[in-house]
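Visitor: So the chains spell out like this:
Protein chains: 6
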Amino acid sequence: MPTIFFYGPSLTREKKIELIRGFTKTASEVTGIREQAFVVYLQETDPGQVGVGGELLADRQKK
Amino acid sequence: MPTIFFYGPSLTREKKIELIRGFTKTASEVTGIREQAFVVYLQETDPGQVGVGGELLADRQKK
Amino acid sequence: MPTIFFYGPSLTREKKIELIRGFTKTASEVTGIREQAFVVYLQETDPGQVGVGGELLADRQKK
Amino acid sequence: MPTIFFYGPSLTREKKIELIRGFTKTASEVTGIREQAFVVYLQETDPGQVGVGGELLADRQKK
Amino acid sequence: MPTIFFYGPSLTREKKIELIRGFTKTASEVTGIREQAFVVYLQETDPGQVGVGGELLADRQKK
Amino acid sequence: MPTIFFYGPSLTREKKIELIRGFTKTASEVTGIREQAFVVYLQETDPGQVGVGGELLADRQKK
Numbered sequence: 008m009p010t011i012f013f014y015g016p017s018l019t020r021e022k023k024i025e026l027i028r029g030f031t032k033t034a035s036e037v038t039g040i041r042e043q044a045f046v047v048y049l050q051e052t053d054p055g056q057v058g059v060g061g062e063l064l065a066d067r068q069k070k
Numbered sequence: 008m009p010t011i012f013f014y015g016p017s018l019t020r021e022k023k024i025e026l027i028r029g030f031t032k033t034a035s036e037v038t039g040i041r042e043q044a045f046v047v048y049l050q051e052t053d054p055g056q057v058g059v060g061g062e063l064l065a066d067r068q069k070k
Numbered sequence: 008m009p010t011i012f013f014y015g016p017s018l019t020r021e022k023k024i025e026l027i028r029g030f031t032k033t034a035s036e037v038t039g040i041r042e043q044a045f046v047v048y049l050q051e052t053d054p055g056q057v058g059v060g061g062e063l064l065a066d067r068q069k070k
Numbered sequence: 008m009p010t011i012f013f014y015g016p017s018l019t020r021e022k023k024i025e026l027i028r029g030f031t032k033t034a035s036e037v038t039g040i041r042e043q044a045f046v047v048y049l050q051e052t053d054p055g056q057v058g059v060g061g062e063l064l065a066d067r068q069k070k
Numbered sequence: 008m009p010t011i012f013f014y015g016p017s018l019t020r021e022k023k024i025e026l027i028r029g030f031t032k033t034a035s036e037v038t039g040i041r042e043q044a045f046v047v048y049l050q051e052t053d054p055g056q057v058g059v060g061g062e063l064l065a066d067r068q069k070k
Numbered sequence: 008m009p010t011i012f013f014y015g016p017s018l019t020r021e022k023k024i025e026l027i028r029g030f031t032k033t034a035s036e037v038t039g040i041r042e043q044a045f046v047v048y049l050q051e052t053d054p055g056q057v058g059v060g061g062e063l064l065a066d067r068q069k070k
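Protein chains in written order, with my numbering: chain E, 8 to 70; chain B, 8 to 70; chain R, 8 to 70; chain P, 8 to 70; chain U, 8 to 70; chain Z, 8 to 70.
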């Protein structure tokens with residue numbers, strides 16, 4: 008029962024489905040484990056809660 | 008100072024307390040470490056943010 | 008498909024089974040989700056890789 | 008700078024590369040973020056450290 | 008591309024920036040890796056979702 | 008009881024202590040929570056288990 012966590016931006020419902028399908032398909036093909044066994048957690052991260060290079064991502068994106 | 012993360016459904020306040028007590032009691036008994044040392048993080052996961060078997064959990068639950 | 012992570016000490020095989028059973032039973036009872044849906048990851052953490060109160064856990068345990 | 012964690016079985020070097028490429032490509036296409044920004048952590052999990060349905064995965068696999 | 012996760016209380020925007028800067032500076036100095044390579048995720052945890060010593064943190068804080 | 012996870016390179020014992028001290032001091036100063044309450048998990052990540060920009064970190068480092 009492998010598990011995938013994705014820490015990234017907010018996505019539309021369609022994009023979430025696309026991401027879950029893509030990750031599960033790839034992981035199932037590479038590992039040989041059936042798709043039903045995979046769980047994917049999409050952890051939306053607000054740019055005001057993420058730091059990149061010592062700066063708030065929200066501030067970097069304004070530049 | 009062991010740490011437990013639970014990724015699961017939304018729970019009422021009473022259920023949260025019950026889960027925290029149960030996890031802490033079990034972990035303390037099994038490891039022999041005093042209950043005061045345990046931290047539990049309940050990470051509520053929205054069915055619209057979780058994929059199971061390549062599908063959105065929110066969609067599977069409708070079936 | 009809820010998921011539980013446990014960051015704690017090394018355990019014997021018997022203790023691991025006991026911990027997995029206890030966590031799964033508690034979580035299933037509290038959430039009403041069947042036991043088969045739960046995944047537990049035991050992440051053994053070496054006292055030489057953990058800090059508590061600003062000190063290496065390995066050093067605190069010697070005191 | 009999105010981040011992906013994969014908790015799953017041990018893989019050969021070739022399979023690891025394939026998994027990292029696949030995850031990164033999919034995530035970049037879905038989010039519109041350039042591939043260079045993605046980090047993937049492959050967390051190999053020993054079947055003797057994972058519980059599924061209240062049992063050790065190592066024991067389930069023997070059945 | 009090292010990654011830091013912080014599970015802790017809600018912070019003001021200024022405090023978040025201070026924490027991200029401090030973590031990144033320390034980690035860069037200790038590891039010798041350039042600051043630009045570090046990602047920090049601030050995971051705000053509600054005291055109603057955290058257990059300490061078998062109790063809800065929200066309840067401990069009232070005592 | 009805030010918790011910090013660091014996913015990064017292997018470090019000497021001295022460097023680990025330095026990192027734990029630095030993270031704990033910074034986090035305590037910024038949050039106003041006493042140092043004793045902080046737990047830090049150093050998760051060493053092998054360059055052969057990390058992907059950056061779709062490539063194995065181990066391969067990027069050779070370039």
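Treat the hints with care, since some could be wrong.
[What the hints assert, rightly or not] When the alpha-carbon atoms are kept at most 30 Å apart in a straight line, the in silico DSBU-like pairs for lysine-lysine are as follows: (1) B/32 with R/32; (2) P/22 with Z/70; (3) R/32 with P/70; (4) R/69 with Z/32; (5) U/32 with U/22; (6) R/32 with R/70; (7) U/32 with B/32; (8) R/70 with Z/69; (9) E/70 with E/22; (10) U/22 with Z/70; (11) Z/22 with Z/32; (12) P/69 with P/32; (13) B/32 with R/22; (14) B/22 with E/32; (15) Z/32 with U/69; (16) R/32 with P/69; (17) B/22 with R/32; (18) E/22 with P/70; (19) E/32 with P/69; (20) U/32 with E/69; (21) U/70 with U/22; (22) B/69 with R/32; (23) B/22 with U/70; (24) P/22 with Z/32; (25) Z/32 with U/32; (26) P/32 with P/22; (27) Z/22 with U/32; (28) R/70 with B/32; (29) B/69 with B/32; (30) U/22 with E/70.
[Stated by the list, open to error] FRET-style restraints, in silico, Cβ to Cβ: (31) P/39 with B/41: 48 to 58 Å; (32) P/21 with U/55: 27 to 37 Å; (33) P/70 with R/19: 17 to 27 Å; (34) R/22 with U/54: 49 to 59 Å.
[To be verified] Stretches of chain R that chain P covers, calculated by requiring three or more beta carbons in the stretch to come under 8 Å of a beta carbon on chain P: (35) 12–24; (36) 53–60.
Please keep in mind that the hints were generated in silico from the structure rather than gathered at the bench.
Owing to the predicted nature of the structure, the values given are computational and were not obtained by experimental measurement.
C-beta: ideal position from N, C-alpha, C; glycine also.
Visitor: A separate judgement is required for each hint: does it hold in the structure or not?
Guide: Hint-by-hint comparison with the structure:
1. B/32 with R/32: Cα-Cα ~13 Å, so holds.
2. P/22 with Z/70: holds (21 Å)
3. R/32 with P/70: holds (21 Å)
4. R/69 with Z/32: holds (22 Å)
5. U/32 with U/22: holds (15 Å)
6. R/32 with R/70: violated (36 Å)
7. U/32 with B/32: Violated, at roughly 39 Å.
8. R/70 with Z/69: Given that 30 Å is the threshold and the Cα spacing comes to 43 Å, the pair is violated.
9. E/70 with E/22: holds (26 Å)
10. U/22 with Z/70: violated (38 Å)
11. Z/22 with Z/32: At roughly 15 Å apart (the allowed maximum being 30 Å), residue 32 of chain Z and residue 22 of chain Z satisfy the hint.
12. P/69 with P/32: Violated, at roughly 35 Å.
13. B/32 with R/22: Roughly 14 Å between the alpha carbons, so the hint for residue 32 of chain B and residue 22 of chain R holds.
14. B/22 with E/32: violated (35 Å)
15. Z/32 with U/69: Within the cut-off at roughly 26 Å; holds.
16. R/32 with P/69: holds (22 Å)
17. B/22 with R/32: holds (14 Å)
18. E/22 with P/70: Roughly 38 Å between the alpha carbons, so the hint for residue 22 of chain E and residue 70 of chain P is violated.
19. E/32 with P/69: holds (26 Å)
20. U/32 with E/69: holds (22 Å)
21. U/70 with U/22: Distance of about 26 Å is within 30 Å: holds.
22. B/69 with R/32: This hinted pair holds, its Cα atoms lying about 26 Å apart.
23. B/22 with U/70: Satisfied, since the Cα-Cα distance of roughly 21 Å is no more than 30 Å.
24. P/22 with Z/32: With Cα atoms ~41 Å apart, residue 22 of chain P and residue 32 of chain Z exceed 30 Å; violated.
25. Z/32 with U/32: holds (13 Å)
26. P/32 with P/22: Holds, at about 15 Å.
27. Z/22 with U/32: Roughly 14 Å separates the two Cα atoms, so the pair holds.
28. R/70 with B/32: Roughly 26 Å between the alpha carbons, so the hint for residue 70 of chain R and residue 32 of chain B holds.
29. B/69 with B/32: Cα-Cα ~35 Å, so violated.
30. U/22 with E/70: It holds: about 21 Å lies between the C-alpha atoms, which stays within 30 Å.
31. P/39 with B/41: 48 to 58 Å: holds (49 Å)
32. P/21 with U/55: 27 to 37 Å: violated (46 Å)
33. P/70 with R/19: 17 to 27 Å: holds (22 Å)
34. R/22 with U/54: 49 to 59 Å: violated (31 Å)
35. 12–24: It holds, with 3 qualifying residues against the three required.
36. 53–60: Coverage by chain P is violated for the segment 53–60 of chain R (0 residues, Cβ < 8 Å).
Of the hints listed earlier, those the structure fails to meet are numbers 6, 7, 8, 10, 12, 14, 18, 24, 29, 32, 34, 36, in rising order.
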